[in-house]
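A.B. asks: Sequence:
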Amino acid sequence: MSTGSRFAPIGLVNMFNSGGAIKELKYETEGKCGLVSMKVRGCGMFGAYSSGKPKRIQVDNEEVHFDYDESSGLITINIRVPDEELYLWDVKVEM
Numbered sequence: 001m002s003t004g005s006r007f008a009p010i011g012l013v014n015m016f017n018s019g020g021a022i023k024e025l026k027y028e029t030e031g032k033c034g035l036v037s038m039k040v041r042g043c044g045m046f047g048a049y050s051s052g053k054p055k056r057i058q059v060d061n062e063e064v065h066f067d068y069d070e071s072s073g074l075i076t077i078n079i080r081v082p083d084e085e086l087y088l089w090d091v092k093v094e095m
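Yeah, the sequence shown ends on 95 if you go by the UniProt record's numbering, and it's all consecutive.
Since the hints were derived computationally from the structure, they do not count as laboratory data. Being a predicted model, the structure only gives us computed values, none of them experimental. Worth double-checking, as some hints may not be accurate.
Below, in silico cross-link-like pairs of lysine-lysine (DSSO-like), each with a Cα-Cα straight-line distance of 30 Å or less [claimed, not checked]:
id, residue 1, residue 2
1, K39, K55
2, K39, K23
3, K92, K23
4, K92, K32
5, K53, K92
6, K26, K39
7, K23, K53
8, K39, K92
9, K32, K55
10, K53, K39
Label-pair distances were calculated between CB atoms; the ranges are [claimed, not checked]:
id, residue 1, residue 2, range
11, K32, L86, 32 to 40 Å
12, F16, S72, 20 to 28 Å
13, G19, Y87, 15 to 23 Å
14, E84, K32, 33 to 41 Å
15, L86, G4, 32 to 40 Å
16, R6, E85, 29 to 37 Å
17, G73, K39, 17 to 25 Å
18, V13, E94, 19 to 27 Å
19, D83, G31, 16 to 24 Å
20, K55, F16, 26 to 34 Å
Even glycine gets a Cβ: it sits at the ideal position worked out from N, Cα and C.
Based on the provided sequences and hints, a complete structural model is requested.
C.D. replies: Have a look at this one:
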């Protein structure tokens, strides 16, 4: 990202093909702010690596709690079971 931040989604960390949960990925920069937008399928613990702690994370426009490990850069959030089959969650990470 042109903000100097680095971000790499892993996906659903407890799944064999964790990255298969990520259906879309988009990086945007506006001034000093970076935004990562993803469409994610499935539920469980979602992980990503980031060079800095995000300002906030939203799932379907609702701010969610996240954990950030400064030593490894690992971000984790819990994505709940969707009401609809094959639902795509809208995940946004604001850097």
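A.B. asks: It remains to establish, for every hint, whether it holds in the given structure.
C.D. replies: Taking the hints in turn, this is what the structure says about them:
With a CA separation close to 19 Å, the supplied pair K39 and K55 stays within the 30 Å bound. Proposed proximity of K39 and K23 is supported: the alpha carbons are some 5 Å apart, at most 30 Å. Between the alpha carbons of K92 and K23 the distance comes to roughly 13 Å, so the proposed pair stays at or under 30 Å and holds. For a cut-off of 30 Å, the pair hint linking K92 to K32 stands: about 16 Å separates their Cα positions.
For the suggested pair K53 and K92, the alpha carbons sit about 14 Å apart, so the restraint of at most 30 Å is met. Between the alpha carbons of K26 and K39 the distance comes to roughly 9 Å, so the proposed pair stays at or under 30 Å and holds. Pair hint K23 plus K53 holds up; C-alpha atoms about 24 Å apart against a cutoff of 30 Å. With a C-alpha separation of about 9 Å, the suggested pairing of K39 with K92 holds against the 30 Å cut-off.
Of the supplied pair hints, the one linking K32 and K55 holds, its CA atoms being roughly 12 Å apart against a limit of 30 Å. Between K53 and K39, the direct Cα distance comes to roughly 21 Å. Compliance with the 30 Å bound is thereby established for this hinted pair. Checking the proposed 32 to 40 Å range against K32 and L86 shows it holds: the Cβ atoms sit about 37 Å from each other. The supplied range of 20 to 28 Å is met by F16 and S72, whose beta-carbon atoms lie about 21 Å from each other.
Distance hint for G19 and Y87: a CB-CB separation of about 18 Å, consistent with the stated range 15 to 23 Å. With their beta carbons about 37 Å apart, E84 and K32 fall inside the hinted range of 33 to 41 Å. Range check, L86 to G4: Cβ separation about 36 Å, and the 32 to 40 Å hint holds. Our hint of 29 to 37 Å for R6 and E85 holds, since their Cβ atoms are close to 34 Å apart.
In this structure the hint that G73 and K39 lie 17 to 25 Å apart at CB holds, the actual value being about 23 Å. Take V13 and E94: their Cβ atoms lie about 21 Å apart, and the range 19 to 27 Å holds. D83 and G31 have their C-beta atoms about 36 Å apart, which leaves the hinted 16 to 24 Å range violated. As the Cβ distance of K55 to F16 is approximately 32 Å, the hint placing it in 26 to 34 Å holds.
Against the hints set out earlier in the document, a violation occurs for number 19 only.
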